[in-house]
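Asker: Spelled out, the chains give:
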Amino acid sequence: MKGYRGKILRINLDDRSVVKEDLNMEWAKSYIGGRGLGTKYFYEEVDPKVDAFSKENKIIMATGPLSGTPTPTGGRYMVITKSPLTDTIASSNSGGRWGAELKFCGYDMVILEGKADKPVYIDIRDDEVEIKDAAHLWGQTTSKTMELLAKDVGEKAKILNIGPAGEKLSRIAAVMNDMDRAAGRSGVGAVMGSKNVKAITVKGSSKPEIHDMAQLKQVVAAANKSIKENGVTGEGLPTYGTAVLVNIINENGVFPTNNFQTSTFDKAEEISGENLAENYLVKRTGCYGCPIACGRHCKVDDLEAGGPEYETIWGYGADCGVSNLGNIIKANYWCNEMGLDTISASTTIAAAMELYQRGLITDQDLDGVPLQFGNDDAIIEWTKRMGLREGLGDKLAEGSFRLGEAYGASDVSMSVKKQELPAYDPRGIQGQGLAYATSNRGGCHVRAYLISPEILGLPEKLDKFSTEGKPLWVKIFQDLTASIDSLGLCLFTSFAMGAGDYANMYNAAVGTDHTDETILEAGDRIWNLERMFNMKSGLKKEDDTLPKRLLKEAIPDGPAKDKTSLLDQMLPEYYELRGWDTDGVPTEDKLNSLKI
Amino acid sequence: MDIQIKLFATLREGRGKIVTKEFPPAATPRQVIETLQISEEDVAILLVNGQDGSLDQELHDQDVLSIFPPVGGG
Ligand code: SF4
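Respectively, the protein sequence lines represent chains A and B.
Residue numbering for the first sequence follows this note's numbering, starting at 1 and increasing by one per position.
Residue numbering for the second sequence follows this note's numbering, starting at 1 and increasing by one per position.
Wrong hints could be hidden among the right ones.
As the list claims (entries may be wrong) - Below, a list of computed lysine to aspartate or glutamate pairs in the EDC-like style, where the Cα atoms sit at most 16 Å apart: (1) K595(A) - E44(A); (2) K115(A) - D126(A); (3) K536(A) - E45(A); (4) K17(B) - E278(A); (5) K6(B) - E269(A); (6) K7(A) - E26(A); (7) K6(B) - D266(A); (8) K6(B) - E274(A); (9) K461(A) - E41(B); (10) K561(A) - D52(B); (11) K6(B) - D52(B); (12) K17(B) - E44(A); (13) K461(A) - D52(B).
Derived from the structure by calculation, the hints contain no laboratory data.
Whole structure, please, built from the sequences with the hints as guidance.
Answerer: Have a look at this one:
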C-alpha cells in the first residue's frame, strides 16, 4: 500500500539495538495508522497492567498514511504509551513538521523500548540511526535544548524533545516538537524522561509514494476549497486562532472560572482572542501543509513566543481568575519551556488556588508567592516551580488529583480519570459532559468535540442543555476523530470536511476503497481497542464519571445558572450504542463484529 | 425599547464592541442585524440574554444580543 513507508524503527534502549521492521500491513488495513495502528502495536506488545514508568512500558511515535503527503494538514503524529497520569492508554497528537519529516526518513513509526542507562538522544537521518549522548542537554529548557541540538544535527533537522518536567517525571509533562508544538496530554513527556531519552531528531530525504497522484490532487483541491470557503477554517481560525472562543464560551455561560466554582468570567474581554489579535499578535503560523494556519506568535514586553491557544488562555486566565493577558502569554511560554501540558499545568494551579482558598495550603508552603485566585504573578512563578519540582511545585508536578489527595481533598481536582478537564463547563453542555466522562484518555475535549454542534452550530445546532440524542452524537464524533487522528490529519479540518472527504483522500493516496461508513467503522474499532486496553489495565465503569462538583453543584449564575451535568441520563444509552454491556465492557459480539 | 448588542470578532469592524439602540416594540434580531448592516450569513451564533436565540423571535426592552460570525477552534 502506498502512502505508508512500510517500515518501523524499533529502538531498544537497554542494549542500544536498532531494528528496521516491516510494517504489519494487515493491521494497517484495520487500524489505518497513527493513533489506531500505534495503539494496535502497543496493545499487542505491552501488558496493560505495566507501571507507566517501568522499562517494560514502551512509547511509540506514530504517523498516519497521510502524514507527509500533499493533503491539507498532513504533518501530524501521535505519541502512544501508557499514561502515568491516568493509567489509561495515552495518545497525544501534535502538529508542526516533525511527523512529516519522520515519514521522509522512510518510517511510519518509532517504537522506543527499555531504558537507557544515561541520558541520550536519537538522531535519525534516513537509514542512519544513532543513539547519542545527551549529557549536555539534560536539565535544559525546551528551547535551549533545540538550540543546542540544532548545532549538533543541523538547522534543517526537525526536533522533538522533552523539558525539565519530563526529565523529572512530572505526570503532566508534554513531548514538545518544532519549538512550540506539543503532544501535550497525559504525561507522555514523563514516559520519555523515564527512558532517559531527551530528544529525537529527524532529517529525511524522500517522500512517500502516492497511489494515484492525479486523483489525490483533485480531492485535495476540493478539500482546500471547502476549507477556504468554510467560515471557521477559512476566516475565524486564521484571523483569531483558537482564542476567539473565549468570548463565545463565556457569553454562553459555560466558561469555567476559579476552578469551576462559577462559569462566567466578568473579565473575559481582557483575555479574548479579539484583544490578543489587537494588542499582542505578531504573526500567524501553521503546521506542515496547513492551509488554515491557526498558530499564533505573540509578543509581550521583550518576550516573543508561540501561542497561546484558547485552552491555555482559559486555564491560566479564567480558571485561575487572572485577566492579565500579558502574564498569561508569559506563563504559557514557561509552560512550554518546562515541557508541561498547558491544560493540566494551568488547571493544577487553579486547584492549588482552591486549596489555598480553603486554608489547606497555607502561606508557609508558598515561599512568598501566594496562590490566591487572580494573582497574575503566581501563574508564572508556580509554572516554573512545577516544572523544576521546587517546593510545593513538587506536588503540583503530580497533577491536580494527586495534589488534592495530598491534602485529603481530591474533590478539588476537576478531572476525569485523573486528567484535568479543558475549557468548557459540561454542566451547561450536556453532550460534552458525556464525551469527557467516556474519553479513553481521561478529561479531554478532542476525543469528541461536541462544542461544535452544541455551541458553534456545526454541522447543525443542538440544544446544549438537552441530553436527547447526545449519546449517538458523542459516539459518531469519537469514531470520526479516532480515524482522523489515525490518518495523520488535524482535527480542525473536520469543521469543513466529513467522513466521505477523508475516505476520498485516503483512497487516492493509499489505494484503499474506503467509504464514509468504513472510515467510521475503523474509528469504532480503534475506540474499542483503546477501551479494551483500559479495562485490562483496571479501569471500571465507575471511572466513566465527572467530578462531584459538576454532577451535584449547579452553576451559580450566568446564562447556564442552575445547570448540573445529567450524565446518568446518557451513559446507559451510550453503552448500548457502543455494543457494551451494562458495566461498559465491550461484548464478545461487538469485538467479533469489529474483528478485534 | 432599548436593545444592547454585543458584537464579536470581525463583526466589530466599523461597528464597535457594544452598541445600544432603540427599536420599536416587538422588534426581532433580524431587524437588529439589518439596522447594523450585518448579513444573515455572517450570523453564526446568536444569543439573546445568553440563551440560544433565533432571528425571528420577539425582543423585549433591555434584552442583550450577542452576535458572532462563523468562528471556532478548540
Ligand atoms: S489548523 Fe492549526 S493545529 Fe491544525 S494543522 Fe493547521 S496550524 Fe496546525
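Asker: It remains to establish, for every hint, whether it holds in the given structure.
Answerer: Now the hints, each set against the structure:
1. For the hint linking K595(A) to E44(A), the alpha-carbon distance of about 15 Å falls within 16 Å, and the restraint holds.
2. Restraint check for K115(A) and D126(A): the C-alpha separation of about 24 Å exceeds 16 Å, so the hint is violated.
3. Proximity of K536(A) to E45(A) is assessed by CA-CA distance (about 14 Å); at most 16 Å being required, the pair is judged to hold.
4. Straight-line distance between C-alpha atoms of K17(B) and E278(A) comes to about 13 Å, which keeps the hinted pair within the 16 Å bound.
5. Between K6(B) and E269(A) the CA atoms are separated by roughly 11 Å; this keeps the pair inside 16 Å, and the hint holds.
6. With a C-alpha separation of about 14 Å, the suggested pair K7(A) and E26(A) falls inside the 16 Å cut-off, and the hint holds.
7. Of the supplied pair hints, the one linking K6(B) and D266(A) holds, its CA atoms being roughly 14 Å apart against a limit of 16 Å.
8. For the proposed pair K6(B) and E274(A), the alpha carbon gap of about 13 Å is at most 16 Å, so the pair holds.
9. For a cut-off of 16 Å, the pair hint linking K461(A) to E41(B) stands: about 15 Å separates their Cα positions.
10. The hinted pair formed by K561(A) and D52(B) meets the criterion: a straight-line CA distance of about 14 Å does not exceed 16 Å.
11. Distance restraint check for K6(B) and D52(B): the Cα-Cα separation of roughly 14 Å lies within the 16 Å cut-off, and the hinted pair is therefore satisfied.
12. For the proposed pair K17(B) and E44(A), the alpha carbon gap of about 56 Å is over 16 Å, so the pair is violated.
13. A hinted pair counts as satisfied when its Cα atoms are at most 16 Å apart, and K461(A) with D52(B) qualifies at roughly 9 Å.
In summary, the structure is inconsistent with hints 2, 12 from the numbered list given earlier, while agreeing with the others.
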